[in-house]
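Participant: Sequence:
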Amino acid sequence: MPKNKKPAGGRPARNFDPDYMANRRAHQAKKGGPRPGSRSPGHRGYRTPEESPKKERWDAAERAERAEQRRAGDRRDEQPQRRFDRDERPQRRDNRDGRPRRQFDREDRPRRDDRDSRGSRFQRDDRPQRRDSRDDRPPRRFDRDDRPHRRSDRDERPQRRQFDRNDRPQRRFDNGERPQRRQFDRDERPQRRDIDRSERPQRRASRDDRPQRRDSFAPRETPQHFTPHDDVVLERLEAEAIQASDVEGVSFGDLGLGENIVRTLGELGAASPFPIQAATIPDVLAGKDVLGRGRTGSGKTIAFGAPLVERLLENRGGTKRDMGRKPRALILAPTRELALQIDRTVQPIARSVGLFTTQIYGGVPQGRQVGALKRGVDIVIGTPGRIEDLIEQGRLDLSDVKVSVLDEADHMCDLGFLEPVQRILRRTAPAGQKLLFSATLDTGVAALVTEFLVDPTVHEVAGEDQDSGSIDHRVLVALREDKVQLLSELADRDEKTLIFTRTRAYAEQLVDELEDTGVRAVALHGDLSQGRRQRNLERLTSGRVKVLVATDVAARGIHVDDITLVIQADMPDEYKTYLHRSGRTGRAGKTGRVVTVIPRNRRRRMEDLLSRAEIDAPIVDAFPGDDVIDEIAGRPTIADLTS
DNA sequence: AAAAAAC
Numbered sequence: 001m002p003k004n005k006k007p008a009g010g011r012p013a014r015n016f017d018p019d020y021m022a023n024r025r026a027h028q029a030k031k032g033g034p035r036p037g038s039r040s041p042g043h044r045g046y047r048t049p050e051e052s053p054k055k056e057r058w059d060a061a062e063r064a065e066r067a068e069q070r071r072a073g074d075r076r077d078e079q080p081q082r083r084f085d086r087d088e089r090p091q092r093r094d095n096r097d098g099r100p101r102r103q104f105d106r107e108d109r110p111r112r113d114d115r116d117s118r119g120s121r122f123q124r125d126d127r128p129q130r131r132d133s134r135d136d137r138p139p140r141r142f143d144r145d146d147r148p149h150r151r152s153d154r155d156e157r158p159q160r161r162q163f164d165r166n167d168r169p170q171r172r173f174d175n176g177e178r179p180q181r182r183q184f185d186r187d188e189r190p191q192r193r194d195i196d197r198s199e200r201p202q203r204r205a206s207r208d209d210r211p212q213r214r215d216s217f218a219p220r221e222t223p224q225h226f227t228p229h230d231d232v233v234l235e236r237l238e239a240e241a242i243q244a245s246d247v248e249g250v251s252f253g254d255l256g257l258g259e260n261i262v263r264t265l266g267e268l269g270a271a272s273p274f275p276i277q278a279a280t281i282p283d284v285l286a287g288k289d290v291l292g293r294g295r296t297g298s299g300k301t302i303a304f305g306a307p308l309v310e311r312l313l314e315n316r317g318g319t320k321r322d323m324g325r326k327p328r329a330l331i332l333a334p335t336r337e338l339a340l341q342i343d344r345t346v347q348p349i350a351r352s353v354g355l356f357t358t359q360i361y362g363g364v365p366q367g368r369q370v371g372a373l374k375r376g377v378d379i380v381i382g383t384p385g386r387i388e389d390l391i392e393q394g395r396l397d398l399s400d401v402k403v404s405v406l407d408e409a410d411h412m413c414d415l416g417f418l419e420p421v422q423r424i425l426r427r428t429a430p431a432g433q434k435l436l437f438s439a440t441l442d443t444g445v446a447a448l449v450t451e452f453l454v455d456p457t458v459h460e461v462a463g464e465d466q467d468s469g470s471i472d473h474r475v476l477v478a479l480r481e482d483k484v485q486l487l488s489e490l491a492d493r494d495e496k497t498l499i500f501t502r503t504r505a506y507a508e509q510l511v512d513e514l515e516d517t518g519v520r521a522v523a524l525h526g527d528l529s530q531g532r533r534q535r536n537l538e539r540l541t542s543g544r545v546k547v548l549v550a551t552d553v554a555a556r557g558i559h560v561d562d563i564t565l566v567i568q569a570d571m572p573d574e575y576k577t578y579l580h581r582s583g584r585t586g587r588a589g590k591t592g593r594v595v596t597v598i599p600r601n602r603r604r605r606m607e608d609l610l611s612r613a614e615i616d617a618p619i620v621d622a623f624p625g626d627d628v629i630d631e632i633a634g635r636p637t638i639a640d641l642t643s
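So for the first sequence, the UniProt record's numbering puts the first residue at 1; every next one is plus one.
It should be emphasised that the hints constitute simulated quantities derived from the structure, not laboratory data. Since this is a predicted model, take the numbers as computed values, not measurements. Hints are supplied without guarantee of correctness; some may be wrong.
Taking lysine-lysine pairs in the DSS-like style, the calculated list, with each CA pair at most 30 Å apart, reads [unchecked claim]:
id	residue 1	residue 2
1	402	326
2	402	288
3	402	374
4	288	326
5	590	483
6	326	374
Build the full structure now, drawing on both the sequences and the hints.
Facilitator: Encoded structure:
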């Protein structure tokens, strides 16, 4: 029988038997304590962590760092850093053992180590409790049901395939579905309306003038997985569509922003408002809850950032700013880089009127952040994890937060994000204003809208979908063995290129492969230290490196000037991801290309995905050296040269 | 199934 296997017949192994272990320990104590070399106090060779720190192992981040150090270019820079880390590590581990266990350790990270480092008896007693904590967990299952489900696509698939066989255009099939959805929504409406009418302020007249736009906010996912309750909310998300032409000649000042803010916006390069900004700014200033949907790169940060600052200014009402004042506005983002980037836009606006911002996100020491909070800030910009952490520590008090913004709001409602976000929003002032923004804002935000928003207005820009011209989409079907070469040829260019992979490991691997073929590249993903993440992103921003290989950590919101090509080395797994990834190029009206490299067996799924994203992209077979690669990369082809 | 987000 293998050593690790439980004995048959249900009898517990000896070292799970408390009586046996008690005897064992008594016996060992008589002999002068356990001998070195083993893991648990029950073993004869047990050593306390102080005597014998655990063997050091590379964690994911370190593995990734090491992978990067393998490359000659980095070796020199990083060597001292590395040695420092190595010395620090055992010490850190001691701290961990010494400090009181945090609640979140138990709930979120039931760790194997915990079991090993404790006596078996203790573990026994602990076990039922553990099961409790599982029940205590916030209702995961609820989210799963609630979420706009990918499974819906799955359900449709057999039917789809039949259509495809007849070469029926995918797009039309989708359109055919939509009216049905509308009816579904409509049926649920009256109930909700009645409830809300009683308490909400008068709607703007313009809304009633545009009934025909109502449907534009309809979800792209099929609705049958939402409960009727959510569909009611769905219906409330009527979008007021602003026409791009409505914005002609309107200035930020006209929209209600103050002089200093307008001037700062000018310095930031925003001379006059983009449509989504013109649409949302007045409502934000009016104190309404706002949902804003604007294409990637359409200026959403200013759309909420500028009026938010203006509002804080109005609300200050003569009270003096004092040390340690609590923040009055909160901006939440899904990634640290995005939080940082938002701050880079909002901070100058805030400073221009004497308000302070601070970034609160993980991966960096909290000292500076806590220091800033102590001095007093007006606007907190950050990611959920660290914000919750500082709340728990009593260092961040959101009770004065009157304006909360969720950037990439639909993503913030995804599994794993929603619950922290809900907990954070519950800590803000109950009647506070809430602003939700995303390029792919859909009914996935229903969970937040029902709990936190009061009579929200929804804005989008008319006729603005992702496929409106500035981005050229292609799909290349390639043999697996050609993939590296193909990607290398695509990325071997002078302009900035962003490559997406589905996993962190593949991002690392692809960086190596590209470097092997002579294409300089750096990686961006969650296994890297925050310092390296920022450094590598900056290398692309500054143009010192032309190719960045990233996971979807870089898919949303990140703005880098002049990325002219987005390569998807793995196809995205949802249409929204496709839209966000491709939105890294073609920003602010510029042109860009997106190419997705897929194996033959993904072609069907790719077509489905494109149709959901409402994007037309030619799908062609490609081999290394093909003209189409040069064309996408923006190199002259043989045909160009001879003509 | 993966990615992101906390010491």
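Participant: Determine which of the earlier numbered hints do not hold for this structure and return their numbers in increasing order.
Facilitator: none
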